[in-house]
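Which chain is which? The protein sequence lines are A and B, in order.
Each residue of the first sequence is one higher than the last, beginning at 721 in the working numbering.
Each residue of the second sequence is one higher than the last, beginning at 253 in the working numbering.
Worth double-checking, as some hints may not be accurate.
To be verified - Just a few of them, taken from the derived set where beta-carbon distance is under 8 Å, the chain A residues facing chain B: (1) P753; (2) Y754; (3) I799; (4) Q895; (5) E897; (6) K923; (7) N924; (8) D1056.
To be verified - 30 Å max Cα-Cα, derived DSSO-like pairs, lysine-lysine: (9) A/K760 x A/K1099; (10) B/K294 x A/K1006; (11) A/K760 x A/K969; (12) A/K970 x B/K294; (13) B/K294 x A/K969; (14) A/K1073 x A/K1099; (15) A/K923 x B/K294; (16) B/K294 x A/K986; (17) A/K760 x B/K294; (18) A/K986 x A/K952.
Said to hold, decoys possible - To give a feel for the contact side, a few chain B residues facing chain A, derived at Cβ under 7 Å: (19) Y356; (20) K448; (21) S463.
Honestly, the hints are just simulated from the structure, not real lab data.
Virtual Cβ for every residue (Gly too), placed ideally from N, Cα, C.
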Amino acid sequence: MRPHSIRGFLVALVLLALAWTAPALADETCNSPYMGNLIKAQEDYVYVWTLGVKGVGDGSDKLVTIDANPSSARYGKVIHKVSVGGRGEAHHMGFTDDRRFLWAGGLDDSRIVVFDVGTDPARPRIVKRITDMPKRTGYVGPHTFYALPGRMLVQGLSNGKDKGGVTGMALYSNQGELVTTYAMPTTEGGDGYGYDIAINPRKNVLLTSSFTGWNNYMMELGKLVANPEAMKRFGNTMVIWDLKAFTPKKVLAVPGAPLEIRWSLKEGDNWAITATALTSKLWLVKPDANGEWQAKEVATIGDPAKIPLPVDISIRNDGTGLWVNTFMDGKTRYFDLSNPEQPRQTYEKVTGKQVNMISQSWDGTRVYISSSLLANWDKAGADNEQFVRAFKWDGKELIPAFEVDFNKEKLGRAHHMKFGSRAMKAAYPDAPLASAR
Amino acid sequence: MPRPLLHTAAWLVGGLTLGGLALAGPVWGHGDEARDQPPPVKADFTPPVPGTYTLHPIMRAPSGLVVGLDRRARPLAELTTGKITLLSFVYTRCRDAWGCPLAYRVFDAVGTAIERSPALRSRVRLVTLSFDPRHDTPAVMRQYAGEQSTRGLDWRFLTTPSEHALLPLLRGFGQDVRAPVTGGPDEPEQLTHTLKVFLIDPRGVVREIYSTAYLYPEVVVADIETLRLERAAPVGGTVRARPTR
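The task is simple: from the sequences and hints, build the whole structure.
If you want it as C-alpha cells, here you go:
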C-alpha cells in the first residue's frame, strides 16, 4: 500500500471511528437547564452505561454504579449493576427534569430503557422499556436524552426508512408516552442530520448539531472506507430553533460533524461551544452585533493532520475552561475559555490508551474519564483498555484517584457516565413508572 | 404492584413528614448564593405570537379529592376542566426564592394580565395546591391567599384532606418531592421539590409544563391565549392552534 493510501486509510478509519463516537451530556454542567437539582456538592455515585461484550460476564448491556464518595468504605468500587438483557449498542443517557429517572438508549436496537434512580440512588432499577420508537416516530438511533419540564426530548441519529442521516427529535412525557415528533430541517441549508441538543431558555433558543446515519455508524469499517460516497454523509450544520414554537429559525454552516454542544452557564453569557470531529476544531455560536446568531471557528484541537479525534468536551460551570478528550492519542486536554473567541490550550495529559467520555464535578475538582468509543471501533489487543478513571484536578495537574477496570471486572465497555447522589432520593418510592415495568 | 400509599418509608420514618417541608432548603444549596436572590421574571426574548404554534397534549390531569378555602372536599377534576387552568403545587412555608414564591409571583402577574383581558377573564382559572396538608390547612391556605381569592379572579387555593389523597395527585402530575440526605442519623431529614406549573386545557389535558428556568408570565399568557384561540380537537391528538380575528 502506498504511503498516501495508508494515510487515506487511517484518515478514513479515524473518520469512521468518529462516526461511531457519540459522546455528550456526560457531566454535571451539561445537564438540561430544566434540571434544578444539579449535584453541586460531592457526588456519591457514577452511573456508567456499559456495552455488553460477548463472553464477558453476562454479555449484556448494563448500568453499572460506582461508589464515588471518598468518605465511603466502598469508594472506587462497583456497588451495583443491572443488565438490560442483550446488546443494542448502549450509548447515551439523560435524567428527567426531576432526576428521578435515567433514560438510556441503544444506537443499534433503538430501544430506550428507563431506570428509577430516585427510589434508591445506589441501586437503579428498570421501570420501563420503550421499544417502538422506530415504529411510532420513524426515527432510529436514540442518542441524546434531554430533559424538558415533565418531558424528555430524544434526538435520533437516523431514520427507519433509508437509515441515512436525515432524522428528527421525539418528545416523550416523563411517563414514557410519545407526545410528538420534530423533523430536522432539510431546507434553507439544513441537511436533516441530528446529534446533540442544548437549550438556552433565557434566549428561547434550542441548538442542535449533526452527525451521521445508521448506515454509516453501523457499517463495518472496511466497507465504509471503501465507500467514498458514504464517507461524505456526515453532518455539516447546526440549527437555531425557536424553543417555544419548536421551529427551526436558522441553519448554521459548521463543517466537520459538530458534536456536543455546551452553553456557558455563567450569568450574562450568551454563547455555546462545540467541537467538530472530522476537522478537530472548536466552534463558537453566539449572536453578532445585530443579534443574529452566527457560528465561527475559534480554535484547533491538537494537530488535525495527526487526527486526534475529539470525542467529548466538558465545560466549567463558569464558562472559563473546557476539557476535550481525543480518542486516538488518548489525551485529555484543557482549554482556557476566558476569551471564548480565542480558546487557548493550557494542559494535556495522556489518560489512557483510548479515551472517550469526560465528566467533571460541578466545582471542577474531580474529573472522570471512560474508555469506550463503540464496540466495533475500540482499539484491539493491549490497547483495548476498558475503564473508568477518576482524577483530582488542582488547576495544574490531573492526579489519579481511582480506577475501575471494566475488563477485569467482566463488565464490558465503559461508555457514558452520569452522576448520582443520595440527596436525590425520592420521598415517594412508588413513583409514576414503578408499576409500568 | 404499587405500594400502599401510606406504607412508604417516606411517610413512616420519624421526622420525614410533609410538615418537614418547612425545613426544606435547596438540595444544591451548598454555597449557591445566587438562589437566595429573587429570580428574574421577565423573559429575555419576545414570545412567539399566540396561535402561531402548537401546544401538544402531554397527559390527562389526574383527579383526586381536594379541599378549598370553604373546607368543602371536591374532585380536583372540577377545577381542571371547563376553563383553561394554570396549576402549581406549593407549600406555604417554602422559602426558596426560585420555588413556591416564584410561582406565587408569576401567578399574580398572570392574574393581572387575565383581569385586563375581557377575552380571558372568564375563561381562565388559577389553582394553587398545597402538598403539605398537615400544615397547610384551609385556614392556613386562606392566610396564604390573602386578598388574591377575593380580587375578582378565579384563583383557587386548595389543599388535600390527607396525605393519602395527595399522593395520587403528585404521582399523576409527575410532581417530585425529594428526601435529600444531608447529615447523620440524628439530623432532621429534609424535603424539597422541583417547581412545576401545569397549563391545562378545558378538557383537562395538560398542554404545557413550566419550571423555574422557563417560567415567564408573558410566555404563560401567550400560551393561555394560544389555547383560547385553538379549535376544538380530540384529546390525545395533535392540536394545531388557529389564529382568529
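Numbered hints the structure breaks, given as an ascending list: 3, 8, 9, 11, 18 and 19
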